[in-house]
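Student: The whole structure should be built from the sequences, with the hints applied where relevant.
From first to last, the protein sequence lines stand for chains A and B. Under the working numbering, think of the first position of the first sequence as 1, with each following residue one higher. Under the working numbering, think of the first position of the second sequence as 1001, with each following residue one higher.
Quick partial rundown of chain B residues pointing at chain A, CB under 8 angstroms, derived from the structure:
1. E1124
2. G1127
3. G1146
4. I1147
5. E1166
6. S1168
7. T1170
8. S1172
9. T1184
10. L1186
11. P1189
12. R1190
13. V1209
14. G1210
Derived DEER-like restraints, expressed as beta-carbon distance ranges:
15. B:V1219 with A:T72: 39 to 49 angstroms
16. B:G1158 with A:P83: 48 to 58 angstroms
17. B:D1133 with A:P83: 54 to 64 angstroms
18. B:I1310 with A:Y173: 40 to 50 angstroms
Hint data in this document are derived by calculation from the structure and do not stem from the laboratory. Remember, it's a predicted structure, so these values are computed and weren't measured experimentally. We treat Cβ as the ideally placed atom computed from N, Cα and C, and that holds for glycine.
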Amino acid sequence: MTIRRRDFLKSLVAATALASLGRPSFAQPGRRVGLGLLLDPDTPEGRGASLGLDEAHRVGELLHVEISAGPTSEFALIGLAAPQEPKTLFLETAPQATPQGWNVTSSPAFRQQALDRFKGKDLRVSDWHAGLMKFGAEELNVRFHRRFGQPMDERSWHGWIAVKCAVELALRYPAGNPREQIASLSLDGHKGMLLNFDPRDRHLIQPVYLIDAQGKLVEQVEPE
Amino acid sequence: MKIWMSFLLVLLLGALPAAAAPLAYVTNEVAGTVTIFDTATNQVVSTVPMTPKGARPRGVQLTADGKRLYIALSDLAHITKGPADAVVALDATTFKEVQRFDAGTDPERFVVTRDGSRLYSANEDAGTATVTDIRKNKVISSLIVGIEPEGVALSPDGRWVYVTAETSNTVSVIDTRTLEVVTTFLVDPRPRVAAFSPDGKRAYVTAEVGGTVAVVDAVHHQVLRTIRLPPRSKPVGVVVSPDGRWVYVANGHANSVSVIDAATEKLTATIPVGRRPWGIDVTRDGRRLYTANGLSGDVSVIDTASLKVIATIPAGQGAWGVVVGR
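Tutor: As structure tokens, this is what we get:
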């Protein structure tokens, strides 16, 4: 509360100073959004979520929204699997779908379809690859590597995009209920297309990547 | 007597230099060169290599008097800080380097103020906008803007600088009098480039992944409406015609230019151009439009009356930005 009061006083002084100089003031009222993070910070998902939170803080500062994370939240929870009867939006970061959660991984059915297109080639499917370059993917890979000293893998990207989903909901629908708005969310995950949740299976519709035994990215499959 | 006078007049007119057609300048990010062509003949007049070797030229702008050509240089091999990072000024007629400026790390797009005193550059990796005093050749401010800033636009009255940021989906507004970010607003996913209308009342911001152009009230810095382009348009470059009637958008991954009527905010035409058009500029008379096409390494010349490509000029590999002279 002390911080908030100080910030409020600072903004009041700044606004008064601006008004006295006859300059236009574009100050916006502040808002607080708390996210619930149920991920172990020492896991790939946890590291991705940490990077997502860093970025959320920076955007929040510019847009006057204070974004914080804790073990509980009335706005959105992020974790591996949805708890029973969640009261808030739950963003799942592991492929096992539960009826309560919205899953940031590609659907098992689409992953299988992608693999079937290249049968007999000994490939595995992934939602991310550390060698992706286009649409800001290279920059995201660099930011992650710089922060954690390791490449961003699929699970790290899941943690990052889950936080981004929650933050986008908070910024774009300030008055909305995230559980109701999630189905209409469209966001950028540095994959070159808008990503949306499929209301039927609750998975994030997204391109997937096929990777060979040496870990090399060989194909990209986009959803229809 | 009359015949003699006519003869004299013909001689005099012949002796006067013809009004030179402007030159146009194209940065080639992979080739590491700048291609210069004559807009009257569409012939390449020079190809200038950038230094040091490996420098990646992207953002390009002429000063208001047309005498200096500014080019943002970074490194092809680094997306963070690299040895080539600078904004370089060339003489726009001799193409020789005049000066080199510190514009922060990895400068991509920038603007030069109309009085030629300052540079505002977007530093993608650092998430900042660097302000450089041109006369003192000194960085005077580094402002925190969104994540992965890219597009930089200056309002016609010189008061505001808009900086788009691709990852945070934001536009930060810098007051050039106080060098402060006065406000930031959200636009659609992956905003790339902003352009102001000549009267300064509107700004147009492309969102590459969102597939839209935001129409911004450039007085109150608020998005008024969003124009949705056809699926897979992937808009990047944007320029407004000098009379403010048309907004031209280069759709990078769709190999086309969208023409938007600024009054109705409706898409009126889609023009196929070269592969991966990125930069776009229009002549001062509004009759010709040019796109720098990265994958085909050329420039499409569009007649704005017929909305057709009337010529293709070879540029270099990774043609990125284009600016037409005065």
